[in-house]
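For this one, chain A is given, so just place chains B and C on it according to the hints.
As you go down the protein sequences, you meet chains A, B and C in turn.
The first sequence: position 88 = 123 (my numbering), numbered continuously.
The second sequence: position 107 = 166 (my numbering), numbered continuously.
The third sequence: position 177 = 528 (my numbering), numbered continuously.
All clues stand as given, with none of them false.
List time: in silico DSBU-like cross-link candidates among lysine-lysine, alpha-carbon distance up to 35 angstroms:
| hint | chain 1 | residue 1 | chain 2 | residue 2 |
| --- | --- | --- | --- | --- |
| 1 | A | K70 | A | K111 |
| 2 | A | K141 | A | K208 |
| 3 | C | K435 | C | K421 |
| 4 | C | K435 | C | K548 |
| 5 | C | K435 | B | K253 |
| 6 | C | K421 | B | K253 |
| 7 | C | K421 | C | K548 |
| 8 | A | K70 | A | K208 |
| 9 | A | K141 | C | K372 |
| 10 | B | K253 | C | K372 |
| 11 | A | K111 | A | K208 |
| 12 | C | K372 | C | K435 |
| 13 | A | K374 | C | K548 |
| 14 | C | K372 | C | K421 |
| 15 | A | K70 | A | K141 |
| 16 | B | K253 | C | K548 |
A partial selection of chain C residues facing chain A, derived with a Cβ cut-off under 10 angstroms:
| hint | residue |
| --- | --- |
| 17 | G401 |
| 18 | S506 |
| 19 | D536 |
| 20 | Q540 |
| 21 | A541 |
| 22 | N545 |
| 23 | D564 |
| 24 | V568 |
| 25 | Y600 |
| 26 | S606 |
| 27 | P609 |
| 28 | D612 |
| 29 | R621 |
| 30 | T625 |
Honestly, the hints are just simulated from the structure, not real lab data.
Note that the Cβ used here is the ideal one computed from N, Cα and C, for glycine as well.
Chain residues, written in single-letter form:
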Amino acid sequence: MTRLLDVTDLRVAFPTSDGVVRAVRGLSFTVDRGKTLAIVGESGSGKTVSTQAILGLTPDADIEGTALFEGVDLLKLDHEQLRRIRGAEISVVFQDPLTSLHPLYKVGWQIEELIRVHRPDESRASARRRAVELLGLVGIPRPERRVDDYPHQFSGGMRQRAMIAMALALNPKLIVADEPTTALDATVQAQILELIARVQAEFDIALILITHDLGVVADIADEVMVMYAGLAVERADRRTLYYRPHHPYTKGLLESIPGSSGARGGRLRPIPGSPPSLIAIPQGCAFHPRCPYVMPVCPAELPPLARVTGGGEHASACWLPHEAVGLGTAAEAIRLQAKEA
Amino acid sequence: MTLTEIRPDVVTGKTIAGRSPWQLAWARVRTDKVALVSGVIVVLLGLLAVAAPLVAAWTGHDPDEQFRDTGVTAEGLPVAPNGEFWFGTDRLGRDLFIRVLYGARVSLLVGVVATGVAALVGVVIGMLAGYYGGVIDTILSRLMDVVLSFPYLIFAIAVVSVAGPSLSATIGVISFYSWAAIARVVRGQTLSLKEREYIEAARSIGASDRRIMFVDILPNLLAPVIVLTTLLIPAAIVFESTLSFLGLGIVPPTPSWGNLLSEAQGFYRVAYWYLGFPAVTLLITTLAFNLLGDGIRDAIDPRMERLFSRRRRRRVKG
Amino acid sequence: MLLEVDQLVKHFPITSGAVIKHTIGQVRAVDGVSLRVAAGETLGLVGETGCGKSTLARCIAGLYPTTSGKVAFDGADITNLSRKRMRPYRRDIQVIFQDPYGSLNPRRRIGSIIADPLVVHGVSGGVALRRTVQELMERVGLNPEHYNRFPAEFSGGQRQRIGVARALALRPRLIICDEPVSALDVSIQAQILNLLKDLQDEFGLTYLFIAHDLSVVRHVSDRIAVMYLGKIVEMDTAAAVHDSPRHPYTNALLSATPVADPDEAERRSRVILTGDVPSPIDPPSGCRFHPRCPQAQALCAQEEPALGTYACHFPLRRAS
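Bound conformation, chain A alone:
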């Protein structure tokens, strides 16, 4: 089957002394084999927590919903079963390789250990060969020498390549990359993104790319999902999202990024206010306090993620008419008309 990951109504909450933090409030999405889903959101949108919860990396959380990976519900597995899947079937690339690679062990050794933990029958020599092969695959020059180096002997870009090598070690079907290039310089970022795309195509690996940067996504995503305050507010394929957005938050983001499809010439139009605290989420549609098109229904009822015109899988969680897609004046007219009504 081509459907690799099927998440339905995921809810993640953290009880704290100040109240319950509802980080994810009913998220559903799918990822197909070999495809790239980009999850985009700002701080507090829930984009990181959602995948962490699915992979069992949030021990203190209350989790509801289902997350079917090749038919198996990851949320129902116990610690040991999850551990076997993590690293082998699904691997993760984190933002800062300086903190996710162990500083006191050689890089090659860390890769070897990963291999041998999941494949106890593999010999030491064979695991080492594979580690060298992987380092070469990700573009690290002279891998047979560098395999014995420590993480601090690598530059930032090299470390991220090493992390990707680790992620590939056991031939995963899905890679979750959480802000993999945020800490890197632009030219290095371009190298890493190009590497990820190449590796993905070569090994037919599905990719979930989590980022706040709509620029990074414009290049490599097949499908984009925008999150706000713990929910998906819009989901579409790449071109549709950038040129025919429906949700006012997506549109607002595009209008506030210099150089983007929405911010052509002159002044940026920022979204007023700031994202809400996840302890006190506004009623109904969480975006309504900041929305320029807010209608009476918005604070009252939470809009469902529903299909929107334009075909394909374009969906948006907004009470505005389905025809109000796009950045042009026609769409704007429809929105304003709906608001006045």
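What follows is chains B and C alone, placed relative to chain A:
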């Protein structure tokens, strides 16, 4: 610019009142039972010490008053605790409870004053050393090293042989030791604070070194200094007790826990209370201050969450 | 010309030895930079880690002493002035810092932080001071009633506004913005960028705007200077640098800068550089970019090109 841009919190409606760093610390301390109990004990001790003369007047027993008839047994030994003498008496028939209370006055006075003086000197010197660096730092640091490696007892003996044992000599010796410990810590903190961007910002405004040290650096030193001082007070108290025990600090008839312990040495077999009560009081005081200091440190700067989180497994419903 | 920088050099010595330190090398953070900023304009300074842009900014602001070179403000030489002589210029040159969490003293109330420049220069005091501070707070979009709160009680964007208010307090003429929006969420970045633009119009400010994101710099700047390894490799109008770069590094940087527009992303020439950003301790000979340059030739390793609007022996053709 619309109003919503100008007043972001107005847009989201609820103004979530923030809490200042001190309010947060207080909230944390309030949940720490150990720190609270210790704090209560410290306060109680302080009150009792201050009220010692009142207690003496109320019971009618002066600290130096020798009760030859009721306070001493036929063999001339101290009397065990009873209705009249709550802690029993000492070798001269004096009310031990009153003497212990008065001893508390001495201990707390010395502890607080000596540490206070040391803190003042230590903060200034430590800040200067850390902020200016270079030659000034080298000189001051070596000074701190010398002071910290001093053999204290010998120094105390020397001072006492010249000036005679007294309250001020004791305070002087203890302050002289403690300031270096505080200065070391303050210097380290200042060194790291110096590199913060807000210090750079202050320099870019044109603030003078003195202003930067006292307006920008000092408030950030308060928290660690408070913790350190709270933890140094019991050390000072024990130090004073040691000196008094050896006859180098407070000498009889003025009671101090140290000299009480010294006197009690010869009587512990027949009068357990003579050694016991001063010792236990000293122990409780020291423990209370230490635990309070720990609690304050955890409240101001909580680091590691509990090592073993209560809920290790995810809870999945439905 | 409000600001003139002439062959500015800043080297940091690398010392070794425990007791007696001796110098074993230099970090050549800024290695000969000249630029001019006219009153009222915004010069964008862009580059990656290690290019020296932050060091350059701090040298201009008088926070680091220079190794050699000259900085002139409104005609007066302010290079390496003593604390006392530099003081009056501090009213005219202010800095907005990058880190909204580190550039404000966490133990001071924000009213006090914003009032700092006014107090240090003895401009105001008492009730008038409070009123001035509250006016500043309103001007940058903060609620003036929050005068007595601590920085921790504000969001990143609000803290950056506090930093802007502090920089604005003395009505400076030049503000050096050191990556003022890099640490903020996307939707907040736009608010701050608009705020800076409005303030520039209202108060006639001149900006030296430093960032690593070429799209942001293009949006705010009149002219752009691109830095690489301690030197400026291209400096021209914003449109020229962004839309038709002449230097291969600028082109690579442009290509690498993510742009939120799939068509535009595809349209851009794809230049992936090899290797990492080299260290400023031992820069390459000749043109510093030659080891990574896709079109380097023999001459590039031998001779360093001079800077006109670009510093390259074989510049890219101007796009028509």
